[in-house]
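Trainee: Read off the chains here:
2 protein chains.
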Amino acid sequence: MHRPTSMFGMIQSDLHQLEADLLSLIQSPVGTVNQIYTHLLQAGGKRLRPALYLLCSRSRRQEAVPSLVLAVAIELIHMATLVHDDVIDNAETRRSLPTANTIWGNHVTVLAGDYLFAKAFSIIAANGDNECLRKLTDIVCRICEGEIVQSKSAFDAGQTEEEYLERLAQKTADFIAVSCELGAMSAGHSPADIAALKQYGYSVGMAFQLTDDLLDVTASSQQIGKPVGNDLRQGILTLPVLYALQNSIHRDELREMIISRDMSEANVNRGLAIVHETDAVTYSYQRVREYLQQARSVLPDTLDAGARSTLMAVADFVGLRKY
Amino acid sequence: MHRPTSMFGMIQSDLHQLEADLLSLIQSPVGTVNQIYTHLLQAGGKRLRPALYLLCSRSRRQEAVPSLVLAVAIELIHMATLVHDDVIDNAETRRSLPTANTIWGNHVTVLAGDYLFAKAFSIIAANGDNECLRKLTDIVCRICEGEIVQSKSAFDAGQTEEEYLERLAQKTADFIAVSCELGAMSAGHSPADIAALKQYGYSVGMAFQLTDDLLDVTASSQQIGKPVGNDLRQGILTLPVLYALQNSIHRDELREMIISRDMSEANVNRGLAIVHETDAVTYSYQRVREYLQQARSVLPDTLDAGARSTLMAVADFVGLRKY
Chain A
1 MHRPTSMFGM IQSDLHQLEA DLLSLIQSPV GTVNQIYTHL LQAGGKRLRP ALYLLCSRSR
61 RQEAVPSLVL AVAIELIHMA TLVHDDVIDN AETRRSLPTA NTIWGNHVTV LAGDYLFAKA
121 FSIIAANGDN ECLRKLTDIV CRICEGEIVQ SKSAFDAGQT EEEYLERLAQ KTADFIAVSC
181 ELGAMSAGHS PADIAALKQY GYSVGMAFQL TDDLLDVTAS SQQIGKPVGN DLRQGILTLP
241 VLYALQNSIH RDELREMIIS RDMSEANVNR GLAIVHETDA VTYSYQRVRE YLQQARSVLP
301 DTLDAGARST LMAVADFVGL RKY
Chain B
1 MHRPTSMFGM IQSDLHQLEA DLLSLIQSPV GTVNQIYTHL LQAGGKRLRP ALYLLCSRSR
61 RQEAVPSLVL AVAIELIHMA TLVHDDVIDN AETRRSLPTA NTIWGNHVTV LAGDYLFAKA
121 FSIIAANGDN ECLRKLTDIV CRICEGEIVQ SKSAFDAGQT EEEYLERLAQ KTADFIAVSC
181 ELGAMSAGHS PADIAALKQY GYSVGMAFQL TDDLLDVTAS SQQIGKPVGN DLRQGILTLP
241 VLYALQNSIH RDELREMIIS RDMSEANVNR GLAIVHETDA VTYSYQRVRE YLQQARSVLP
301 DTLDAGARST LMAVADFVGL RKY
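As they're listed, the protein sequences go chains A and B. Sequential numbering from 1 applies to the first sequence in our numbering. Sequential numbering from 1 applies to the second sequence in our numbering.
If we strip away everything but chain A, and leave its shape as in the complex, we get:
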């Protein structure tokens, strides 16, 4: 996925350095470790979390020098969670490339994910910042909890929108919130401004994951680089599906289908059709807009003007992305 180059202009050189640092980081004596890591890097990614960390680091004084170490560690942690997600979901493609588990098998891929987690924590420890480390290890615990809850609630047609939103926070938004918080802390912001930037990250993160879930029912597989309807196929009920379960005239049919756990292609397609007959997508995009409005509204006036307008642009971008 490509982001508009201009949007991150302010941190362009930071992001180049990030890629260089990511590339030079892992030099394992074990060839397979390097191969998997290179494959993951080449698959690219939005680098949203480190980018927000970097933006927040420069949001008090643009000329502040952010810690690339933390930006690298944040991305490594994210990569580790994706690698394990793909094992867990038996995913065959991500970002239009074969997943690590498809190429190297589940055994090695679980270990490669562990390696990335440990490497991330190792470089933060070497950097000597225990508070950051604590926040990031706690976030990994929280992501795991969110994923476990998601796994336990698969095919549970009785779950509420509130439970769904709590999962989004655990899986995604809290990590993005902490990325912003750590950046704000490194910038030397006031506690109130740190809290505001953390809240911004939370709201952007909720909007981001909501959009991700929406794309799973609206985009083409070519656009998102993985099969459409993947969540429903696994019994993971996202906001549009939960909305349809409440509001569709075919809600009983949808509920029965989900409870039966029979996720044949015909059933997945029928399920998606039921969702699209309702205004589930419109409703969900409305929630996305609300989160983004929240994100924009909490940005303090005290921020550096360039950083502030970039953070505004990120919020716009998250609402518009189609892939």
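Keep in mind the hints are simulated off the structure, nothing from the lab. No experiment lies behind these values; they were computed from the predicted model shown. The beta carbon of each residue, even a glycine, is placed where N, CA and C say it ideally should be. One or more hints might be untrue.
What the hints assert, rightly or not - With the C-beta cut set under 8 Å, the calculated list includes, among others, these residues of chain A facing chain B:
hint: 1; residue: S28
hint: 2; residue: G44
hint: 3; residue: K46
hint: 4; residue: H84
hint: 5; residue: V110
hint: 6; residue: L111
hint: 7; residue: E145
hint: 8; residue: S151
With chain A held as given, fit chain B onto it using these hints.
Mentor: For chain B alone, kept in the frame of chain A given last:
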């Protein structure tokens, strides 16, 4: 597995406290996390790594107060690696109980392992000791590398004894070495004595893993709490098998069987029979004794006498264990 109570008499109350701390540590809002963790704790374990850490912590002055936090973190890291190992190996039982993956499935178990890793690193970060943290994160990287190499070299009948021993170091001995090193550091030993205790841990660790591999071909499944011949079944070639591949009159048959990757019960049993026809077990136990002799010989005379004799007893115990 039970250890002789008297052996660890010196750190008996530390070990009780360790169990209590382990038990009270994980209070997740997600019930499944607590259930898995309780299951893992109830399955027990030798607590060898934290015990050696604690012994080394008290090996300068017995009345020194060791950090239970590190002992807990060391055991959590070990638990996390076991949990992921069992997913990777599709193991059904460990310590005569069903594995977490058998009860909760691979999805949730991978995440529970990630949670344990993160929790371990979190409590070390909270404890504020970056050097320890760095050493332990690096050990996790090394364990992953060892397991990846092991996975890549499955069914490779051409691997050497040297490569096998290097794997043991990566998988097991280096972690035990660092557990001793961290204990020695906390005791305030001289650099030479710290290095000696680290070397002791390495040698004990090599002997321990060699014995583990030997038990897979010599013990009954009742004794070790998991099926016998498990390594061979997965194509993991341990020292007795590598010895037989060099020295058995049926070495060509054994080699063909391994290369064919046909690990039917009949073939596993025939493979074990070929191993037992040679003096592979005698040879391997000789290597165990050599490592334990090394371990005993490096123990400095400057150690507290009680701690020194306990460390000697641990070396004896590792050579004798039959389960």
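Trainee: Just pull the numbers of the violated hints for me, sorted ascending.
Mentor: 2, 3
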